[in-house]
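Asks: The whole structure should be built from the sequences, with the hints applied where relevant.
Number of protein chains: 2
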Amino acid sequence: MGEDRLRLSLEESHHLLHVFRAKEGTPFEATDGRGGFFGCVLEAVERRAAVGRIVERRPGSGELPRPMELVVGLPEWRAAEQIVEHAVPLGATSIDFVVCERSGRDALGPQRIARLMRVARAALKQSRRSRLPELTSSERLTKAIGDLRPGDRYLADPDGNPLTPGAAKQGQAPIQPAVGPPGGFSQEERRFFLDREFIPISMGPSRLTTETACLALLSLVRNPL
Amino acid sequence: MGEDRLRLSLEESHHLLHVFRAKEGTPFEATDGRGGFFGCVLEAVERRAAVGRIVERRPGSGELPRPMELVVGLPEWRAAEQIVEHAVPLGATSIDFVVCERSGRDALGPQRIARLMRVARAALKQSRRSRLPELTSSERLTKAIGDLRPGDRYLADPDGNPLTPGAAKQGQAPIQPAVGPPGGFSQEERRFFLDREFIPISMGPSRLTTETACLALLSLVRNPL
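Residue numbers (this note's numbering), protein chains in the order written: chain A, 1 to 225; chain B, 1001 to 1225.
Think of the hints as simulated: they come from the structure by calculation, not from any bench.
Cβ coordinates follow ideal geometry from the N, Cα and C atoms, glycine included.
Hints may contain errors.
Said to hold, decoys possible - Rough simulated footprint, nothing fancy, chain B against chain A, three-plus residues with beta-carbon under 8 Å:
no., segment
1, 59 to 72
2, 87 to 97
3, 120 to 132
4, 202 to 216
Said to hold, decoys possible - On the chain A side, residues computed to face chain B include the following (Cβ under 7 Å):
no., residue
5, 162
6, 163
7, 219
8, 220
9, 223
10, 224
Replies: Structure representation (structure tokens):
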């Protein structure tokens, strides 16, 4: 494609042409998932692929100014799907479903990750973000946390305090929220987080599921951005 | 029942006896949904109903210090279910699914409300709250807002600012977050909210679904409580 044209995937073309019923001249939006976001006009259909003329570029559309790297204790499948469905619109740039002591299941395999990526792509489009998040499922918490780059770290924790305004440092460092699996992190795991500068944040007087806690913590830490 | 005994409903009894497999002497927790929260020990089974001896009372368990009254533009059914599933653990004391200009559907009837109440009861139990929220579906936005008692009012709004700390007044007044239906509130509806002292709050650079926006706004406004 030339620099002012783009070609949609067959799946996206099908949606645009047959669900959304676009005709030649219909405006639509597209993203490459790497920060490119394009206002387009449908120009042609070539072998069932929609070709658009780019009329506007909005790089980084819908993205927060800082990365948000969510670490979550691996829950059951439906909860994992819900986390991706809501965390992507809320701006997560990566989600690691980490096997914890109380996860009681193996890390997600490639097929499961591929299914979650489909959920993420749909959520990206719906929320008009432009960078597809990275989804992983680490086997070991110590390695997952050890591999994180420096950042502002928050742990959803029954013994924490409410998030205080101004707790987040300025700058471009990633924000790294962490939420336990169903049943919570073990005492040893919790200690591990606190030793690595995760600030314990209370999620209130009620008991939240892993998925609700993820969304609540993401909502809090992204607010000042 | 005497003052130190309680009898579970048949549905709850079935869960306790056959799913959780409680035996005589097994401890369990129960709430009356009106602020009563009881630590119990299973004492007997009478006509398939579990009877517990109350060993501890924790009135108001899991409840925030202030009511949270959510007003949300009526979305499609699955979104409504998800809102109840997450908003109850987050502390909503009432949820009104209000028909708006862009809702494109009628108010929820009694059967739908009853189904949502079942979701709410399960969420109440799971989150260890003790007051069952009120669920309604108003036909008209102007009446729904007009009927609200005085409170701290917040509107999820693309043209708002991030929630600033200290925006919430002190006191016991309810907190009243409002979120639009899919497609958002109309300009006229938005004006109506602003005229009634709703503070517009930005939910960030991405576009959130009605359900994600509800959870994000609830998470923000409950944090200082």
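Asks: Taking each numbered hint in turn, which are not upheld by the structure, reported in ascending numerical order?
Replies: Structure breaks no hint.
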